[in-house]
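Undergrad: Chains as they are written, first to last, in our numbering: chain A, 1 to 251; chain B, 1 to 67; chain C, 1 to 360.
Hints listed in this document are in silico derivations from the structure and should not be mistaken for laboratory results.
The beta-carbon is built from N, C-alpha and C at its ideal position, and this holds for glycine as well.
Just to be clear, a hint being listed does not mean it is correct.
[As the list claims (entries may be wrong)] Label-pair restraints from in silico Cβ distances:
| no. | chain 1 | residue 1 | chain 2 | residue 2 | range |
| --- | --- | --- | --- | --- | --- |
| 1 | A | I154 | B | A30 | 46 to 54 Å |
| 2 | A | D36 | C | A41 | 34 to 42 Å |
| 3 | A | I154 | B | T5 | 41 to 49 Å |
Okay, here's what each chain looks like letter by letter:
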Amino acid sequence: MQTIAKRPESLTDLQFTYCPGCLHGVAHRLIAEAVDELGLKNQMTGVAPVGCSVFAYKFFDFDMAQAAHGRAPAVATGMKRARPDMNVFTYQGDGDLAAIGTAEIVHAANRGEHISVFFVNNAIYGMTGGQMAPTTLKNMKTTTSPYGRDVDDIGSPIRVCELLNTLDAPYYIERVSLLSPADIIKAKKAVLKALTYNKEGRGFTFIEFVSTCPTNWGVDPVKALVWAKENMIPVFPINNFRDKGNEGVAQ
Amino acid sequence: MAKMTVNPNYCKGCGLCIAACPKKIIKFSAKINAKGYHYAEVEDQASCIACKMCYQTCPDVAITIEK
Amino acid sequence: MGEKILMKGNEAVAEAAIRAGCRLYFAYPITPQSELIEYMAKMMPKVKGTFLQAESEVAAANMVYGAAGCGKRVMTSSSSPGVSLKMEAISYIAGANLPAVIVNVQRGGPGLGDIQPAQGDYFQATKGGGHGDYHCIVLAPSSVQEFADMASDAFDLADKYRNPVMILADGLLGQMMEPVEFKPYKTEEEMVELSKQHFDWCIHQNEDGPGHHHNEINSLEIDPNVLEKHVLELDKKYKTIEANEIKYEEYNINEDNEVVCVAFGTAARIVKSAIDDLNAQGKNIGLIRPITVWPYPYDAISKALNKKVKCINVFELNLGQMVEDVRLAVNGKVPVHFMGKVGGLVFTPEEVAADIMKNL
Chain A
1 MQTIAKRPES
11 LTDLQFTYCP
21 GCLHGVAHRL
31 IAEAVDELGL
41 KNQMTGVAPV
51 GCSVFAYKFF
61 DFDMAQAAHG
71 RAPAVATGMK
81 RARPDMNVFT
91 YQGDGDLAAI
101 GTAEIVHAAN
111 RGEHISVFFV
121 NNAIYGMTGG
131 QMAPTTLKNM
141 KTTTSPYGRD
151 VDDIGSPIRV
161 CELLNTLDAP
171 YYIERVSLLS
181 PADIIKAKKA
191 VLKALTYNKE
201 GRGFTFIEFV
211 STCPTNWGVD
221 PVKALVWAKE
231 NMIPVFPINN
241 FRDKGNEGVA
251 Q
Chain B
1 MAKMTVNPNY
11 CKGCGLCIAA
21 CPKKIIKFSA
31 KINAKGYHYA
41 EVEDQASCIA
51 CKMCYQTCPD
61 VAITIEK
Chain C
1 MGEKILMKGN
11 EAVAEAAIRA
21 GCRLYFAYPI
31 TPQSELIEYM
41 AKMMPKVKGT
51 FLQAESEVAA
61 ANMVYGAAGC
71 GKRVMTSSSS
81 PGVSLKMEAI
91 SYIAGANLPA
101 VIVNVQRGGP
111 GLGDIQPAQG
121 DYFQATKGGG
131 HGDYHCIVLA
141 PSSVQEFADM
151 ASDAFDLADK
161 YRNPVMILAD
171 GLLGQMMEPV
181 EFKPYKTEEE
191 MVELSKQHFD
201 WCIHQNEDGP
211 GHHHNEINSL
221 EIDPNVLEKH
231 VLELDKKYKT
241 IEANEIKYEE
251 YNINEDNEVV
261 CVAFGTAARI
271 VKSAIDDLNA
281 QGKNIGLIRP
291 ITVWPYPYDA
301 ISKALNKKVK
311 CINVFELNLG
321 QMVEDVRLAV
331 NGKVPVHFMG
341 KVGGLVFTPE
351 EVAADIMKNL
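Taking the hints into account, I'd like the entire structure generated from these sequences.
TA: See the structure below:
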């Protein structure tokens, strides 16, 4: 008997601190698998955000940095410019990337920084206890939108992939989901592509994961997948927005 | 011949693998781990087809699949 | 070597930083230091360094954090309102024990203020600015030559202590042209040595086996017992810096001083002129000029309080910030007078002399 699936080398042995059923762990695993498969473990480094995944610096088994809220793309820029021989990624949630970090992500993408950004979108602020996020859905109730998100007052959810897709420089932008094993397998392909492009020095790559937050949505992990499929996918459609490595090929 | 194993120390009893398994051979253990979770465990190993759906969805990377 | 170049302060410190081995510079334009970023834009590519104009001072300071986390000599510069934006990153840099150099070419404040020279950021620089228990080492130049010299001092201190170092200049020094003698460029061997430092903690290429490292550039310690330990270690570092790195200038300090002045940076130059005038008329006025404003030369001031000293006169281009440190040093022994100038205006030697005479 052969082991055909096990914990990737690029993850440390620490148990993840995420809630039961939180898909951050899946995203971590996909990145770690890709790092292993590409043989990048000894030249990889990443930036952890502020958010539920603040401890990501403990979970990947290579040198990592932790960044101030929203600043990971700037920190990653400094790292990649300082050590171009290394491969750099950031890992960020919806508050980190789409609220406080909007300037940093837009400009890192616009400069075409040779980094990979992994953006976990679960339409809510997890770590701080369930407040509204820039990606919170219309009429969705959170602790800071207790009557439901009133889009007339504070706007609609932000689609980051679409936003970044207006820029010239980004090399690869894809939105995937983690809402079923089949989706996860597709997401893995995207992660692998992003890190392959990263390894090959092609430019800025961006993956948005549509994900869940069972704890703050107030549902069990399995129901959360269903809710996300029904409510988030229509707002954040799964799509390969741009793939300069595959120009002219139908997506 | 296939074997799926859950490391009870990593498992948080989230149930995603149970829902994902097409053969419905994973269940919550009656026992609890050190953190108090009823961890998942396979109850009909012989029926495992090593599809890896459980492995794909496990958020704690608690599962190992052998074939 | 020995050759003096007439150069603007902003450009001189940039040139000096490059000579000191800095190959990474991230910044945002702001008056009165835009010449610094423009000089770097021109010169960094010539030494195959990285120049990047960031989208904001916030982003620039975080790029510094990232590059510093990789163990490299890295610098940013700004002026007062932009330095305010950097405070979060500076706290993170300090909390993560990272070496970095930040240049503040101060201008009138608060808020948007104006673009004329001021010293209103003393509190921000020396008493925190960012959150938490930390200190930047703060160097206050008083001439373009000193401004340039402080570039290599700053990098050396930053590397020695794994700490952010701020050069607290002002718009006058930034804009003024004076002759500067530069240190030579780092040799190739020296650059190689620089590139090998900090491997015990910084982010760099990894390896399998016993050499495998998992270095974390991080200031988060969620367990309060661990955070306590970490902060107490920082405190140890700061006490070591206080014990070893205080620098100040004594200008006509002697046993017969009637008045001792205290001033830093540009203000000190003007006070020196006033003192020279008064001493030429038979007075005996001295000046203590702190060169490090953190750590602060408290002892130098209290030691200068001989029996004849009637009072201390503090002169600053603000509403009175460093004067609080002087009062701590003097500890009530003699009266401490303060004259400030705000709005980006600069007092004249005549105004300073008149004030000294008034208090005599």
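Undergrad: Could you check the hint for me, namely that A/D36 and C/A41 are 34 to 42 Å apart, CB to CB?
TA: The hinted range 34 to 42 Å holds for A/D36 and C/A41, with Cβ atoms some 40 Å apart.
Undergrad: Is the gap between the beta carbons of A/I154 and B/T5 within 41 to 49 Å?
TA: Given a distance of about 48 Å, which is inside 41 to 49 Å, the answer is holds.
Undergrad: Could one say that the CB atoms of A/I154 and B/A30 fall in the range 46 to 54 Å?
TA: holds, 48 Å
When each numbered hint is compared with the structure, no violation occurs for any of them.
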